[in-house]
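Given next are the chains, with one letter for each unit.
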Amino acid sequence: MQQAELIPHLFRTEYRKIVSVLCKLFGIDHIEIAEDIVSDTFLLASELWGLKGLPENPPAWLYTVAKNKTKDYLKRNTLFAQNISKEIKYTATTSEEIEIDLSIKNINDSQLAMMFVVCHPCNAAEAQIGLALNLLCGFGVDEIANAFLTNKTVIYKRLQRAKEKLRIEKIKIEQPTPSEINDRLPAVLTTLYLLFNEGYYSSGQDITLRQDLCLEGMRLTYMLIENEHLNQPEANALLSLMCFHSSRFDSRLNQYGEIVLYQDQDTDLWNQELIEKGEYFLNQASQGDTLSKYHLEAGIAYWHTIKADSEKKWESILFMYNHLLLIEYSPIAALNRTYALAKARGKKEAIIEAEKINLTGNHLYHSLLGELYTGIDNTKAIEHFHNALAFIKSTADKLIISNKILKLMEL
Amino acid sequence: MKDFLLIFRTDIAAMPKRSPEEMQASTKRWMDWIGGIAAQNKLTDRGNRLVQTGKVLNPGNVITDGPYMEIKESIVGYSIVKANTEEEATELAKGCPILSAGGNVEIREISVL
Chain A
3 MQQAELIPHL FRTEYRKIVS VLCKLFGIDH IEIAEDIVSD TFLLASELWG
53 LKGLPENPPA WLYTVAKNKT KDYLKRNTLF AQNISKEIKY TATTSEEIEI
103 DLSIKNINDS QLAMMFVVCH PCNAAEAQIG LALNLLCGFG VDEIANAFLT
153 NKTVIYKRLQ RAKEKLRIEK IKIEQPTPSE INDRLPAVLT TLYLLFNEGY
203 YSSGQDITLR QDLCLEGMRL TYMLIENEHL NQPEANALLS LMCFHSSRFD
253 SRLNQYGEIV LYQDQDTDLW NQELIEKGEY FLNQASQGDT LSKYHLEAGI
303 AYWHTIKADS EKKWESILFM YNHLLLIEYS PIAALNRTYA LAKARGKKEA
353 IIEAEKINLT GNHLYHSLLG ELYTGIDNTK AIEHFHNALA FIKSTADKLI
403 ISNKILKLME L
Chain B
24 MKDFLLIFRT DIAAMPKRSP EEMQASTKRW MDWIGGIAAQ NKLTDRGNRL
74 VQTGKVLNPG NVITDGPYME IKESIVGYSI VKANTEEEAT ELAKGCPILS
124 AGGNVEIREI SVL
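Heads up: the protein sequence lines correspond to chains A and B, in order.
The first sequence begins at 3 in the numbering used here and counts up one residue at a time.
The second sequence begins at 24 in the numbering used here and counts up one residue at a time.
Source of the hints: derived by calculation from the structure; they are not laboratory data.
Don't take every hint at face value.
What the hints assert, rightly or not - Label pairs and their in silico Cβ distance ranges: (1) 47/B / 412/A: 30 to 38 Å; (2) 314/A / 85/B: 50 to 58 Å; (3) 50/B / 32/A: 53 to 61 Å; (4) 71/B / 179/A: 32 to 40 Å; (5) 158/A / 51/B: 51 to 59 Å; (6) 152/A / 46/B: 49 to 57 Å.
Stated by the list, open to error - Below, computed lysine-lysine pairings styled on DSS-like, alpha-carbon distance capped at 30 Å: (7) 51/B / 358/A; (8) 105/B / 358/A; (9) 107/A / 77/A; (10) 406/A / 395/A.
Even for Gly, the Cβ is constructed at its ideal location relative to N, Cα and C.
All chains, please: the whole structure from these sequences, using the hints.
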């Protein structure tokens with residue numbers, strides 16, 4: 003790897019590791035100090051490596067420099083503290099002897115501990131995802147702003163506020179004990195699920211960035227599974243769901259960056275390896291008798307990896323959507339359930355149910371009704387597609403619906 | 024919106040013994056019906072089924088085998104749905120699989136204490 007690529011690459015992979023270890027060492031009050039030390043380390047690397055060439059083992063170099071910078075910081079802090087309070091001096095002197103442990107084990111433990119801090123429900127979901135990208139994935143403010151389609155200032159403030167909130171709530175940076183896991187794991191899974199969805203469904207133009215978000219979501223979920231206590235059925239189900247979805251990443255957009263609908267996708271572009279991984283984690287998730295919404299969504303996603311329509315496919319999907327709605331209502335699940343109903347039992351039955359769910363104003367609702375009326379009552383279908391157009395924001399979606407209207411008018 | 028209790032009643036004795044396939048088909052009918060209510064975001068509590076036998080405690084600690092044997096129909100389950108009016112709640116109850124099994128649904132508004 004060339005040096006120009008090496009530093010950004012190392013930033014992605016190593017920044018978060020060192021930050022996690024230092025955060026755990028310093029505690030929640032001093033996250034920024036940890037970030038500053040690591041940023042300084044990378045700054046020094048980019049200056050020195052350019053002049054003197056690459057060190058033999060770049061990650062080890064980074065670790066050593068970060069360690070030294072931390073020790074310097076603590077030493078300076080001691081001098082500073084001596085003038086202020088004997089109590090602080092006491093804690094500072096002992097911290098001088100602290101060993102900064104950058105072993106693989108401590109890095110993993112620290113990252114997991116940080117995951118539970120970052121995904122703490124005291125922050126809103128958006129803030130949690132921002133923090134996760136920043137502290138767990140090594141994304142800069144720029145990249146996060148791109149991912150959220152907003153500007154740097156908004157993200158910067160959001161991160162600051164989120165960190166402040168963690169301080170106020172005095173959240174401890176530690177892995178939950180086995181008895182706490184059941185209470186706290188769901189919040190972590192929710193954030194990882196949202197992080198993945200942000201990449202998978204967002205309307206951002208930067209495809210590489212969106213794919214990165216999905217990969218990061220998967221990487222962090224995999225980290226949970228690697229830990230024996232956190233290797234729970236729900237986490238496996240979530241990872242399975244992510245694998246099934248990302249197997250279609252390459253087939254979802256054509257060469258012009260336009261969305262390709264499921265039924266028009268080229269199955270040769272579906273990533274078979276990811277589908278197999280999805281199946282593996284779904285099997286792992288089936289141990290025990292938990293049936294979470296991730297299980298159901300993974301099950302639905304599994305059936306979507308088989309493209310051919312069959313009664314069994316759509317009856318199974320319908321059954322799982324019914325179940326999903328019992329666990330948690332969401333407009334999108336209600337719409338998808340109705341679509342599955344149409345596939346399993348025919349459009350007429352689905353139209354009756356669709357009119358009942360009444361999500362007027364939701365463009366997907368009008369699109370669905372347009373779809374259901376197509377071939378049954380084309381005038382009504384066109385009417386519904388026109389309603390949909392009125393509420394659609396993204397150009398790509400508008401194009402799809404306009405094409406449907408054109409096709410119907412040709413008939 | 025108000026909550027309504029849907030009480031499912033049927034004559035258990037009159038119900039034919041069912042094969043596993045029939046039971047599975049029945050589960051599917053229930054899921055379709057309750058899923059349809061959930062899709063409208065009008066399900067408060069899916070509720071439960073009740074075990075067929077029970078006891079009835081009468082004044083003077085007289086205990087009889089229940090449910091009330093003198094009544095043919097017994098309660099087999101319940102769900103709670105959300106609706107603005109009794110009519111709307113009744114509309115939701117339509118399509119309940121208990122109806123095609125010879126039973127009925129009683130719709131009662133829950134008056135919160």
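Of the numbered hints stated previously, which ones are contradicted by the structure, given in increasing order?
-> The structure conflicts with hint 1 only, although it agrees with all the remaining ones.
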